[in-house]
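Chemist: Each chain is listed here by its residues.
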Amino acid sequence: MTYNADERGYYGEFGGAFIPEMLYPNTEELRQNYIRIMEEPSFKKEFDQLLKDYVGRPTPLYFAKRLSKKYNTKIYLKREDLCHTGAHKVNNTIGQILMAKKLGKNRIIAETGAGQHGVATATVCALMGIECVVYMGEIDIARQAPNVARMKMLGAEVRPALSGSRTLKDATNEAIRDWINNPVDTHYIIGSVVGPHPYPDMVARFQSIISEEIKWQLKEKEGRENPDYVVACVGGGSNAAGAYYHFLDNPDVGIVAVEAAGKGIDSGESAATSVLGKVGIIHGSKTLLMQTQDGQITEPYSISAGLDYPGVGPMHAHLFRSGRGEFISITDDEAMKAGLLISKLEGIIPAIESSHAFAILEHKAFNPEDIVVINLSGRGDKDLDTFIDYFKL
Amino acid sequence: MNRINQKLKEQKKLLSIYFTAGYPKLEDTVKIIEDLEKNGVDLVEIGLPFSDPLADGPTIQESSTIALENGMHTELLFKQLKDIRKSVSIPLIIMGYFNPVFQYGVEAFCKRSQEIGIDGLILPDLPLDVYQNEYEHIFKKYGLINVFLITPQTSDERIEQIDSASDGFIYMVSSASTTGAKEGFGEEQQEYFKRIASLKLANPQIVGFGISNTKTFNQATQSSKGAIIGSAFIKHLAKNGVDSISSFIKSIR
Numbered sequence: 070m071t072y073n074a075d076e077r078g079y080y081g082e083f084g085g086a087f088i089p090e091m092l093y094p095n096t097e098e099l100r101q102n103y104i105r106i107m108e109e110p111s112f113k114k115e116f117d118q119l120l121k122d123y124v125g126r127p128t129p130l131y132f133a134k135r136l137s138k139k140y141n142t143k144i145y146l147k148r149e150d151l152c153h154t155g156a157h158k159v160n161n162t163i164g165q166i167l168m169a170k171k172l173g174k175n176r177i178i179a180e181t182g183a184g185q186h187g188v189a190t191a192t193v194c195a196l197m198g199i200e201c202v203v204y205m206g207e208i209d210i211a212r213q214a215p216n217v218a219r220m221k222m223l224g225a226e227v228r229p230a231l232s233g234s235r236t237l238k239d240a241t242n243e244a245i246r247d248w249i250n251n252p253v254d255t256h257y258i259i260g261s262v263v264g265p266h267p268y269p270d271m272v273a274r275f276q277s278i279i280s281e282e283i284k285w286q287l288k289e290k291e292g293r294e295n296p297d298y299v300v301a302c303v304g305g306g307s308n309a310a311g312a313y314y315h316f317l318d319n320p321d322v323g324i325v326a327v328e329a330a331g332k333g334i335d336s337g338e339s340a341a342t343s344v345l346g347k348v349g350i351i352h353g354s355k356t357l358l359m360q361t362q363d364g365q366i367t368e369p370y371s372i373s374a375g376l377d378y379p380g381v382g383p384m385h386a387h388l389f390r391s392g393r394g395e396f397i398s399i400t401d402d403e404a405m406k407a408g409l410l411i412s413k414l415e416g417i418i419p420a421i422e423s424s425h426a427f428a429i430l431e432h433k434a435f436n437p438e439d440i441v442v443i444n445l446s447g448r449g450d451k452d453l454d455t456f457i458d459y460f461k462l
Numbered sequence: 006m007n008r009i010n011q012k013l014k015e016q017k018k019l020l021s022i023y024f025t026a027g028y029p030k031l032e033d034t035v036k037i038i039e040d041l042e043k044n045g046v047d048l049v050e051i052g053l054p055f056s057d058p059l060a061d062g063p064t065i066q067e068s069s070t071i072a073l074e075n076g077m078h079t080e081l082l083f084k085q086l087k088d089i090r091k092s093v094s095i096p097l098i099i100m101g102y103f104n105p106v107f108q109y110g111v112e113a114f115c116k117r118s119q120e121i122g123i124d125g126l127i128l129p130d131l132p133l134d135v136y137q138n139e140y141e142h143i144f145k146k147y148g149l150i151n152v153f154l155i156t157p158q159t160s161d162e163r164i165e166q167i168d169s170a171s172d173g174f175i176y177m178v179s180s181a182s183t184t185g186a187k188e189g190f191g192e193e194q195q196e197y198f199k200r201i202a203s204l205k206l207a208n209p210q211i212v213g214f215g216i217s218n219t220k221t222f223n224q225a226t227q228s229s230k231g232a233i234i235g236s237a238f239i240k241h242l243a244k245n246g247v248d249s250i251s252s253f254i255k256s257i258r
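Residue numbers (our numbering), protein chains in the order written: chain E, 70 to 462; chain A, 6 to 258.
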């Protein structure tokens with residue numbers, strides 16, 4: 070059994086490309102070319118070079134001594150927070166901008182929620198001198214002013230999504246509509262392992278550098294490539310997909326996915342898709358999503374804007390449904406406390422998204438000899454206001 | 006014979022109207038359909054509103070949002086349409102996105118549609134291959150015609166695949182765009198209309214997206230069987246209310 074996508078983009082029963090015909094030529098062009106392009110030596114060379122010199126890879130695999138002592142197990146942090154722009158998102162945008170160039174596209178569109186993917190996209194567009202339009206919900210624009218300013222400084226146009234609930238899912242709808250209206254010259258850089266095939270697989274492949282590095286770094290430090298557990302937070306799920314990728318088909322490696330419970334699973338304000346979602350179609354993919362009984366997509370909630378998505382990538386829906394992955398939900402309060410704890414114990418302020426992953430240490434007991442790799446997907450600078458408000462700092 | 010196929014045999018250019026069920030008021034659905042028939046409309050597309058209509062422009066998005074706020078949902082739409090065949094005889098198509106149909110259950114949805122007297126479905130995000138592999142037999146069992154879309158970017162090869170999978174008409178999207186009124190059709194569209202006509206497809210084509218008045222209707226139907234108006238009709242309802250349907254239809258032909 071494999072937990073990767075098949076040729077049609079299915080992970081078990083999840084995935085595929087449920088798109089209107091208007092999007093068929095665009096996604097088909099990508100589907101027919103993405104693997105071939107990614108395997109071209111010239112593509113690989115440029116991708117690797119940029120990851121090294123521009124993003125700052127490899128990111129360290131750091132043994133968190135004090136944290137390990139507290140929880141009586143061996144905890145390593147994969148330091149994606151040290152990537153240029155502050156999170157793993159840039160691994161994907163570097164890959165996709167090179168893909169867009171190979172496909173001869175001269176205009177980039179993207180969606181963003183909190184603005185991290187928007188910033189990562191605006192960054193690579195500046196790097197390549199390509200026009201960039203980022204769709205962002207009107208409400209998110211108001212909540213995330215610093216990231217809006219960053220995108221503007223980087224030369225991107227930020228267009229407010231005014232439809233629906235005016236947040237991430239609507240920004241995604243607007244980006245898709247833009248692509249329908251500009252099918253020839255535009256490439257759509259999706260920010261997570263969501264959307265129609267081939268996006269979930271393509272984004273997972275670009276992010277797979279995370280687990281590729283974990284393997285050789287762990288070999289150097291511990292003499293073995295495989296940890297006992299890999300832990301990552303899941304909104305759409307791109308950092309998790311990258312952290313799990315090379316361990317998916319190895320049953321000796323436990324996969325732990327951490328979702329945002331918001332104010333609690335039963336509070337009506339949550340983003341724990343594996344618990345609250347049902348199978349359906351969102352943004353062109355068959356997956357688990359939060360919806361009404363009638364099939365209308367509902368608005369999730371989490372204190373962390375990056376986990377605030379009503380669906381989950383089809384890879385993760387399959388990991389959940391098949392039992393391969395262990396899914397744990399963490400509330401706002403638990404995540405915030407974990408974020409503060411990591412700051413004080415390790416001198417690292419994590420993003421609130423990543424803080425969710427750390428909070429499972431209070432829920433799940435590991436053996437002293439276990440090696441647990443936690444993907445520290447982003448840094449907390451962007452969340453300072455939220456931390457200040459929450460802890461009255 | 007399905008009412009759609011019968012209608013397609015008539016020697017005239019067909020006018021099809023799309024509206025969003027539950028808009029402007031929750032209970033307007035039946036009245037709108039009856040008035041459209043009275044005013045000589047050939048075919049009606051009843052929009053089942055969806056929270057995330059990603060192929061639609063602002064007008065239909067907004068009508069969908071309002072319809073959902075008004076309380077429209079799948080079961081209610083079926084209830085409203087329960088006796089529609091007592092008063093209406095033109096072909097009726099339900100148009101919507103796949104997720105609400107999927108949640109209702111594709112077979113249950115098709116069964117209810119047949120019981121009511123619905124003739125076909127248009128589900129833009131149900132792709133051809135998934136339809137053929139998983140759902141075609143269900144549509145056939147309940148006598149429903151599935152209508153596929155093509156666009157100016159659709160290759161001739163794929164158009165032929167779609168033509169052979171169709172048994173009614175092909176919904177020909179006029180330009181690379183979401184729904185909504187355009188100024189008119191330029192040379193590019195005219196070329197596209199001619200190209201499709203020259204393919205001599207088995208299924209007639211009805212043009213949609215960007216049709217709002219007599220001029221665009223006539224342009225669109227020069228080499229096709231008919232045209233669909235959606236956004237312009239919804240705008241008219243928003244401005245003039247449901248008692249003004251005849252003035253809108255008269256302004257088209």
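In short, the hints are calculated from the structure, not lab data.
Remember, predicted model here, so these are calculated numbers, not experimental data.
All residues carry an ideal CB built from backbone N, CA and C; glycine is no exception.
Be a bit skeptical, because a hint or two may be false.
As the list claims (entries may be wrong) - 30 Å max Cα-Cα, derived DSS-like pairs, lysine-lysine:
| hint | chain 1 | residue 1 | chain 2 | residue 2 |
| --- | --- | --- | --- | --- |
| 1 | E | K174 | A | K187 |
| 2 | E | K347 | A | K199 |
| 3 | E | K347 | A | K146 |
| 4 | A | K199 | A | K146 |
| 5 | A | K199 | E | K174 |
| 6 | A | K116 | E | K347 |
| 7 | E | K347 | A | K84 |
To be verified - Not everything, but these chain E residues come out facing chain A in the computed CB check (under 7 Å):
| hint | residue |
| --- | --- |
| 8 | P89 |
| 9 | G349 |
| 10 | D363 |
Said to hold, decoys possible - Covered stretches of chain E (in silico footprint by chain A; criterion: 3 or more residues with CB under 8 Å from a CB of chain A, positions within the stretch not fixed):
| hint | region |
| --- | --- |
| 11 | 229-241 |
| 12 | 245-259 |
Chemist: The structure should be examined with respect to each hint, and the outcome stated for every one.
Modeler: Hint check results:
1. Straight-line distance between C-alpha atoms of K174/E and K187/A comes to about 26 Å, which keeps the hinted pair within the 30 Å bound.
2. Proximity of K347/E to K199/A is assessed by CA-CA distance (about 45 Å); at most 30 Å being required, the pair is judged violated.
3. Restraint check for K347/E and K146/A: satisfied, since their Cα atoms lie roughly 27 Å apart, inside the 30 Å limit.
4. Between K199/A and K146/A the alpha-carbon distance is near 35 Å, which puts this suggested pair outside the 30 Å criterion.
5. Only pairs whose Cα atoms come within 30 Å are accepted, and K199/A paired with K174/E is accepted, the gap being roughly 28 Å.
6. At most 30 Å may separate the alpha-carbon atoms for a hinted pair to count; K116/A and K347/E meet this at roughly 23 Å.
7. With a CA separation close to 25 Å, the supplied pair K347/E and K84/A stays within the 30 Å bound.
8. The restraint placing P89/E at the interface with chain A holds, with a minimum CB-CB distance near 4 Å, inside the 7 Å limit.
9. Given the 7 Å rule on beta carbons, the hint for G349/E holds: about 5 Å separates it from the nearest Cβ of chain A.
10. Here the hint on D363/E is kept, as its CB sits about 4 Å from the closest CB of chain A, short of 7 Å.
11. For the region 229-241 of chain E, the stated coverage by chain A holds: 4 residues have a C-beta nearer than 8 Å to a C-beta of that chain, and at least 3 were required.
12. Only residues whose beta carbon comes within less than 8 Å of a beta carbon in chain A count, and the region 245-259 of chain E has 7; three or more means the coverage holds.
Consistency note: the structure conflicts with the earlier hints numbered 2 and 4.
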